[in-house]
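Chains as they are written, first to last, in this note's numbering: chain U, 1 to 312; chain G, 1 to 312.
One or more of the hints may lead you astray.
Unchecked claim - Heads up, incomplete: computed chain U residues facing chain G, CB under 7 Å, no partners named: (1) SER261; (2) HIS277; (3) GLU300.
I should point out that these hints are in silico values taken from the structure, not numbers from a laboratory. Note that the coordinates shown come from a computational prediction; the quantities given were computed from them, not determined experimentally. C-beta: ideal position from N, C-alpha, C; glycine also.
Number of protein chains: 2
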Amino acid sequence: MESNQTAKLDKVTEDVLKVIDSYGFKQEGAYNLRLNGMAVCHGDSRHIHIVKKEDKPGIDIHISGEAKDEQVHIPVVMSQEGVDVVYNDFYIEDGADVTIIAGCGIHGEGCSETRHDGIHAFHVGKGCNVKYVENHYAEGNGTGQKVLNPVTKIYVGEDSTFTLETTQIKGVDSTERENYIELADNAKLFVTEKLMTDEGQTAISNMDVELNGENSSARIVSRSVGKGTSRQVFHPRAIGNNRCHAHVQCDSIIMDTAEISSIPEIDAKHVDAQIIHEAAIGRINDEQLVKLRTFGLNEEEAEAVIIESFLK
Amino acid sequence: MESNQTAKLDKVTEDVLKVIDSYGFKQEGAYNLRLNGMAVCHGDSRHIHIVKKEDKPGIDIHISGEAKDEQVHIPVVMSQEGVDVVYNDFYIEDGADVTIIAGCGIHGEGCSETRHDGIHAFHVGKGCNVKYVENHYAEGNGTGQKVLNPVTKIYVGEDSTFTLETTQIKGVDSTERENYIELADNAKLFVTEKLMTDEGQTAISNMDVELNGENSSARIVSRSVGKGTSRQVFHPRAIGNNRCHAHVQCDSIIMDTAEISSIPEIDAKHVDAQIIHEAAIGRINDEQLVKLRTFGLNEEEAEAVIIESFLK
Numbered sequence: 001m002e003s004n005q006t007a008k009l010d011k012v013t014e015d016v017l018k019v020i021d022s023y024g025f026k027q028e029g030a031y032n033l034r035l036n037g038m039a040v041c042h043g044d045s046r047h048i049h050i051v052k053k054e055d056k057p058g059i060d061i062h063i064s065g066e067a068k069d070e071q072v073h074i075p076v077v078m079s080q081e082g083v084d085v086v087y088n089d090f091y092i093e094d095g096a097d098v099t100i101i102a103g104c105g106i107h108g109e110g111c112s113e114t115r116h117d118g119i120h121a122f123h124v125g126k127g128c129n130v131k132y133v134e135n136h137y138a139e140g141n142g143t144g145q146k147v148l149n150p151v152t153k154i155y156v157g158e159d160s161t162f163t164l165e166t167t168q169i170k171g172v173d174s175t176e177r178e179n180y181i182e183l184a185d186n187a188k189l190f191v192t193e194k195l196m197t198d199e200g201q202t203a204i205s206n207m208d209v210e211l212n213g214e215n216s217s218a219r220i221v222s223r224s225v226g227k228g229t230s231r232q233v234f235h236p237r238a239i240g241n242n243r244c245h246a247h248v249q250c251d252s253i254i255m256d257t258a259e260i261s262s263i264p265e266i267d268a269k270h271v272d273a274q275i276i277h278e279a280a281i282g283r284i285n286d287e288q289l290v291k292l293r294t295f296g297l298n299e300e301e302a303e304a305v306i307i308e309s310f311l312k
Numbered sequence: 001m002e003s004n005q006t007a008k009l010d011k012v013t014e015d016v017l018k019v020i021d022s023y024g025f026k027q028e029g030a031y032n033l034r035l036n037g038m039a040v041c042h043g044d045s046r047h048i049h050i051v052k053k054e055d056k057p058g059i060d061i062h063i064s065g066e067a068k069d070e071q072v073h074i075p076v077v078m079s080q081e082g083v084d085v086v087y088n089d090f091y092i093e094d095g096a097d098v099t100i101i102a103g104c105g106i107h108g109e110g111c112s113e114t115r116h117d118g119i120h121a122f123h124v125g126k127g128c129n130v131k132y133v134e135n136h137y138a139e140g141n142g143t144g145q146k147v148l149n150p151v152t153k154i155y156v157g158e159d160s161t162f163t164l165e166t167t168q169i170k171g172v173d174s175t176e177r178e179n180y181i182e183l184a185d186n187a188k189l190f191v192t193e194k195l196m197t198d199e200g201q202t203a204i205s206n207m208d209v210e211l212n213g214e215n216s217s218a219r220i221v222s223r224s225v226g227k228g229t230s231r232q233v234f235h236p237r238a239i240g241n242n243r244c245h246a247h248v249q250c251d252s253i254i255m256d257t258a259e260i261s262s263i264p265e266i267d268a269k270h271v272d273a274q275i276i277h278e279a280a281i282g283r284i285n286d287e288q289l290v291k292l293r294t295f296g297l298n299e300e301e302a303e304a305v306i307i308e309s310f311l312k
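When you get a sec, could you build the whole thing from the sequences and use the hints?
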């Protein structure tokens, strides 16, 4: 059963959607747009059904094992002040192949807080291929804090691959992310986290990966840039409870008077758990700067190029 | 003023000293042997004076800037049950070049706890070269826990180099180490930590390094082997408060049903702080095992060779 409920969107919403949905948001196929705490439009596709929760704000997204190379878009836009807490649950059947494009954009013009807490749970069956793309962004001249506190729980079934791409583009005053991931036998996890903070912004990123399954594996790459007086704290944790592989890599560029802490934790609780961690924090590469400036770029332009390529 | 108070040592004490003092303990030059909570012999040298504390157990070690390539030996042996807490303070004058050989050996035959807590503080002047070597070891058939909880505070002055070599050889049932190090301008720190646990032993190692000085640097290498059902937790922390370099490397071999956690923390609080961390936990190298076995070694012998070279 396919259902559709479209809506006419204002320019602010359209513009924010362009930034947070890099795959291009359209009111087609499977989608759900949450605007200022309300689902304003949604659509199902043949293999993806979205059902509004009865007991709390949020949706259940049911993805059939028949879904192959399909997309579902569930962006959130907040252009009014206030706090929005939403619970989204994904039920992904054995064999599904799907890309989920989420993200939250705040357009804040007011003087009180605008906050979105997206609490997501992914129940991934066997033999799936799931990609979850999440972009965070805030804009607007309001003095109110623009806050995003996502909580993401991911249960990856046997022989499934889960790819998590999370990016904080800019403008978010405060974020505290909680990620919890469990991997079954032969499950594979790929995480790419990109984060940029500026001015007085703060970002805390916690990620626990439990490698429970035999031959499960995780590859986590985190890249961040801290500017202004911003502060970042990373706490990725890989727990090897079985024969498994994990590789965690955190690289940060520090600028101005920013402060960055990286507190990775690797716990081997099985003789065949192999876990590697690498972290580096440092200033922008001077040699690259000099090289770019010989091409005629000024210092700011050269820095921008280096940061962009670092976060790519 | 040189003073000397020698003593005749029993065989147990002599044997333990051979293990914990790899430089060779002699009742010559500057030394102080603490046996079961009592200083039983000590000597001063021209440039190194040892003074018993009046207010609490322990000694003050005064090292003159005239000391060049000198040694001081301050081993501790416990062959009786009980708890011994001792406070040793080192005052190292500008320009001194000294090697301090400490260490604690427990010979436990009883059924109640034998514990030594050595609380050491190093006040290192400018332009010094200090090496501190500390070996921890326990033996004996007693069922009482053999416990070592050292606390080490090191203040490294301008242009000084401090080398810390700490080794837990074997037999220690429980250890909780606290290290706190501050580095002034151009101060250099080199740390090598080696740790082996077996059976139901537990080891916790915390190390905070505050890189306060301009061009201060730290190089920390930690290598450990966990066997049996033992548990190890490492928490090295490098805090860059100025233009500085730090490199922290933790490698562990896990065997049997041991568990090892590595929780390094790197905090960059200055744009010119460059901090790198690497950690790896894994099983013994299979290729090396196979190679050694083709040379005729059995599995246990091959493992022993690999572990020995890993901890060298």
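Hint-by-hint comparison with the structure:
1. SER261: It holds, given that the least Cβ distance between SER261 (chain U) and chain G is near 4 Å, below 7 Å.
2. HIS277: For HIS277 (chain U), the interface hint holds, since the closest Cβ of chain G sits about 4 Å away, which is under 7 Å.
3. GLU300: Result: violated, 16 Å to nearest chain G Cβ.
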